[in-house]
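Enquirer: What follows is each chain in one-letter form.
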Amino acid sequence: MLEYILAKYNFWIYVILMMIGLYAMMGKRNLVKKLIGMNIFQTSIILFFVSIGVKAGDATVPILKGDGHGHGEHLIQVADYLNPLPHVLMLTAIVVSIATTGVALATLILIYKRYNTLEEDEIMAIRKDASSYKTQR
Amino acid sequence: MIWQLDIVLLIFIVVCAIAAINIKDLLSAVIILGAYSFFMCLLWTEMGAVDVAFTEASVGAGIGTVLFIAAVNKTSRRSKD
Chain A
21 MLEYILAKYN FWIYVILMMI GLYAMMGKRN LVKKLIGMNI FQTSIILFFV
71 SIGVKAGDAT VPILKGDGHG HGEHLIQVAD YLNPLPHVLM LTAIVVSIAT
121 TGVALATLIL IYKRYNTLEE DEIMAIRKDA SSYKTQR
Chain B
28 MIWQLDIVLL IFIVVCAIAA INIKDLLSAV IILGAYSFFM CLLWTEMGAV
78 DVAFTEASVG AGIGTVLFIA AVNKTSRRSK D
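Quick mapping for you: the protein sequence lines, in order, are chains A and B. Mapping of the first sequence onto my numbering: position 58 corresponds to residue 78, and the numbering continues sequentially without gaps. Mapping of the second sequence onto my numbering: position 38 corresponds to residue 65, and the numbering continues sequentially without gaps.
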């Protein structure tokens, strides 16, 4: 049982990183800190998917052996190469994560222009003041 | 896959992640996040995912850090927590 837990150490680190990111998104009040937490969360999920594709032993990256012209070329066993499917999926996930980060940073600059602060509690106080002022009139 | 190198890189990654969310100076936090991305890229090279590694190095660590630094320069650098 202990051996089984220790052999999957990548997955434990993935859970730890995911919880660090979740804490930063929920517990921190600065909006840039929340965004950093979101980045850590996304990379932890990519770490999980890449860890699935890893095989024990001497598995290699190329899936065919030989020179590519028919000499010495033969179909090799599945256990001899790393699973390329999670890698390709996570390639897309990295690009999507950088796109969401860019949109979030643009929104953040607009928030700073309007409220002149990036702290969540200060923004909430300003919004509350503005709404109470509106109801008084 | 060399498990000693794997363990060292994973420890560095967790330390970088904790440091990035605890530092009050936002520019330092963003730079540490870039270091975190590069460690992640090393880990993926070591796990055999070479294509993911160079995409992370160019897109995640490169462009991501540049976007973060530009946004921090346009807004405030200090953070309360």
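No lab work stands behind these hints: they were computed from the structure. Some clues are possibly wrong.
Below 30 Å or equal to it, Euclidean Cα-Cα: the simulated DSBU-like pairs (lysine-lysine) are [as the list claims (entries may be wrong)]: (1) A/K75 / A/K54; (2) A/K148 / A/K28; (3) B/K107 / B/K51; (4) A/K148 / A/K54; (5) A/K54 / B/K51; (6) A/K28 / B/K51; (7) B/K107 / A/K75; (8) B/K107 / A/K28; (9) A/K75 / A/K133; (10) B/K51 / A/K133; (11) B/K101 / A/K133.
It should be emphasised that the depicted structure is a prediction, and the values quoted were computed from it without experimental measurement.
Enquirer: Taking the hints in turn, state whether each one holds.
Expert: Cross-check of the supplied hints:
At most 30 Å may separate the alpha-carbon atoms for a hinted pair to count; A/K75 and A/K54 exceed this at roughly 35 Å. Distance hint between A/K148 and A/K28 is unfulfilled; the C-alpha atoms sit about 49 Å from each other, more than 30 Å. At roughly 7 Å between alpha-carbon atoms, B/K107 and B/K51 fall within 30 Å of each other, so this suggested pair holds. In summary, the hint linking A/K148 to A/K54 is supported, as the alpha carbons are separated by about 22 Å, within the 30 Å threshold.
Simply put, A/K54 and B/K51 have alpha-carbon atoms about 13 Å apart, close enough for the 30 Å limit, and the pair holds. At most 30 Å may separate the alpha-carbon atoms for a hinted pair to count; A/K28 and B/K51 exceed this at roughly 34 Å. Between B/K107 and A/K75 the CA atoms are separated by roughly 44 Å; this puts the pair beyond 30 Å, and the hint is violated. Pair hint B/K107 plus A/K28 does not hold up; C-alpha atoms about 37 Å apart against a cutoff of 30 Å.
Proximity of A/K75 to A/K133 is assessed by CA-CA distance (about 50 Å); at most 30 Å being required, the pair is judged violated. The suggested pairing of B/K51 with A/K133 holds, with an alpha-carbon distance near 21 Å, which does not exceed 30 Å. About 9 Å separates the Cα atoms of B/K101 and A/K133, which keeps this hinted pair within 30 Å; it holds.
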